[in-house]
Every structure is written in C-alpha cells, then in structure tokens.
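Sequence positions in the sequence shown follow this note's numbering and run 187 to 489.
The set of hints was computed from the structure by calculation and includes no laboratory data.
What you are looking at is a predicted structure, and each value in this text was computed from that prediction instead of being measured.
Note that CB positions come from ideal geometry on N, CA and C, so glycine has one too.
You may find that some hints are simply not true.
[Unchecked claim] Now the in silico label distances, taken between C-beta atoms and shown as ranges: (1) 398 with 438: 20 to 30 Å; (2) 388 with 248: 49 to 59 Å; (3) 237 with 406: 41 to 51 Å; (4) 423 with 199: 17 to 27 Å; (5) 249 with 417: 51 to 61 Å; (6) 422 with 458: 18 to 28 Å; (7) 206 with 439: 37 to 47 Å; (8) 273 with 237: 19 to 29 Å; (9) 273 with 458: 51 to 61 Å.
[Stated by the list, open to error] Below 30 Å or equal to it, Euclidean Cα-Cα: the simulated DSS-like pairs (lysine-lysine) are: (10) 291 with 232; (11) 291 with 199; (12) 199 with 232.
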Amino acid sequence: MNQIRTTRAQDAKVTVVGLGPMGRAMAAAYLDAGFEVTVWNRSAGKDDELVARGAHRAADVAEAVAASRLTVLSLIDVEAMYGTLGDTDLGGRVLANLSSDVPDKARAAARWAEARGAAYLTGGVNVPPAGIGQEGSSVFVSGPPEVYEEHRAALDVLAATDYRGADPGHAQLYYQLNMILFWTAYTGWYQAVAVARANGLTAADILPYAGYTADSMRGFYTGGAPLIDAGEHGGEHERLAMCAASVEHILHTAADSGVDTGILTAHAELYRRGVEAGFGADSSSRLIGLLGGTARPARQAAA
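Work out the full structure, taking the sequences as your base and the hints as a guide.
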C-alpha cells in the first residue's frame, strides 16, 4: 500500500515526536515508504532501531520540529503536547496530532497551535501499532481542508485517512464513538469469560459463540440506524420489557456464579429505568433517549 502511494514522495520529509509503540510504528512506516524521517522522544533509547534504519535523531524537540514542515505527534494525550513542545518555534509548521483525547481538548489544542503560527490537524487512529501501514487500516482526520489536502498523501502512509471536516474536534469525536463501541464490547467479553470460568469453562470454549455474536451486531446496527434516525421506536421486532428481563437473567447468572456484577448491575438499572418510564412495549432503542435525556414516556407521547 505505502510504496505505491509514496512513489512520488521519495524526497518527502516528516518528523515524528513521541516514540512509544505507536510512534515507532509510524516512523518505521515512513522509512519503509522512503521518507526522510526525523525522530525525537523525551526519554532516550527508543529511537535506536529507527536511527539504525536511517532516521535522524534530533538533539531536541526544537530541532525535530524545524527539520520538517509536517510533525506527527504520537503522545499519551493532547495535554502532553504542551509540555513536549513548550515554547518551540512553530511558525509555518503543520502539527498532525494523532494522540487520543476528547474533542474539546483537540479544539483547544488547535487554537493553541494556531496562535503560535502553526496549522493543526487532529487524528484518531483506528488500529493498534501493528496495523500502521497495513491495508484496511484507517485514521480519522479533521482540521483545515487545505492543510489536510496538502498532507493527505503523507498521512495515508500510516493508514487510509477518513476526513471528517474542518472542526478539529470531529476526528476525536468519531474516534471516541468507535472506542465506546470497542471498550464496552471488550468489557462484555471479559465479563462473559469471568462467568464462564466460574462455571468450569474456558475462553476457548465460548470463543465460537462470542465470534458469532460479534458478527451479528452489524445486522442490528444496519437495521436499527434508519429507524433510530427516523424516530421510530415501535416494538414490532423486540420490546424493551423483554430485553430488560433478559438483562436481569444475565445479572443473576453472574451473581449466582460469584463474579463481580458491577457492570451488569448498571446495565440492568438502565433497562429498568426504561420500563419504569413507560417504554416497555417499545423497542429498546428508546434507551437512547434516556441516555441523552431527551426521551418522553410512551404514554406522554401518545397524549
């Protein structure tokens, strides 16, 4: 993927600041694609392999930023950028901050960078370090469209860019929405494994069924999204009261197995609230309104 995309950019330069596993993978991808790469990390030693492959080790962060028009940041969060860059001269530079954080902090970071003469792009990387530079990988990007277009080819080296508009917070918004889906599903897997182990089963025993359930979720999303957007929450296919009863069953199965039920208790409480609000005969999608504070009980809606 990368070699094809960057054939015309063999002389391109890029700086990577932050050399944790993700930053090292990014710098390596640029080296693979023929870029001239400058690297810098606050703690020493993480760039040895990259330098051995041809990366330039900057003496300090100011030298790193000055070496390339585009600096890719891979830090623990947006806040770390301030301490890392400090009073570095950013005039005329482009910062592509691919560190995970929240939308409002991304917007504040963009204002901070722009006040110092830099253009700013936000990125949310949808793969772990092993996925950088691989087919099927993607990264949400947002910020000034002309800046994105200028550096799109360089960012595509890391993962296929999915541009989400000029608002610098939108890349992080889309990324965090994905993370809501990912972490709740992953935690559900851990909860299921805990109950399985308490009953003498292994993770391998339930893996085929976990995979089936994960695959089936696409159908639920695809079928439900247009109905949700249209405000249609009829209970023709599934009813909230039935779903609430099922959630109670999993809660009690976990409790009877002697495992922690904190997560499932919170889950069950949400479904109880939906039934108590008068939505028992409606679709469980009514819970979206409860979560957002916008739902009205069915009896009020019909009045």
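Does the Cβ distance between residue 388 and residue 248 fall inside 49 to 59 Å?
-> holds (53 Å)
Given pair status - residue 232, residue 291, alpha carbons within 30 Å = holds (27 Å)
Are residue 423 and residue 199 spaced within 17 to 27 Å by their CB atoms?
-> violated (55 Å)
Do residue 273 and residue 458 keep their Cβ atoms within the hinted range of 51 to 61 Å?
-> holds (54 Å)
Does the Cβ pair residue 249, residue 417 satisfy 51 to 61 Å?
-> holds (56 Å)
Decide if the proposed pair is consistent with the structure: residue 199 and residue 232, CA atoms, cutoff 30 Å inclusive.
-> holds (20 Å)
Using the Cβ atoms, figure out if residue 422 sits within 18 to 28 Å of residue 458.
-> The hint (18 to 28 Å, Cβ to Cβ) holds, given that residue 422 and residue 458 are roughly 23 Å apart.
Holds or violated: residue 291 with residue 199, Cα cutoff 30 Å?
-> holds (28 Å)
So does residue 273 sit 19 to 29 Å from residue 237, Cβ to Cβ?
-> Distance hint for residue 273, residue 237 holds at roughly 26 Å.
Could one say that the CB atoms of residue 237 and residue 406 fall in the range 41 to 51 Å?
-> holds (49 Å)
Between residue 398 and residue 438, does the C-beta distance stay in 20 to 30 Å?
-> Once the Cβ atoms are compared, 24 Å apart, the range 20 to 30 Å for residue 438 and residue 398 holds.
Using the beta carbons of residue 206 and residue 439, state whether their distance is inside 37 to 47 Å or not.
-> holds (39 Å)
The structure does not agree with numbered hint 4 stated previously, though it agrees with all others.
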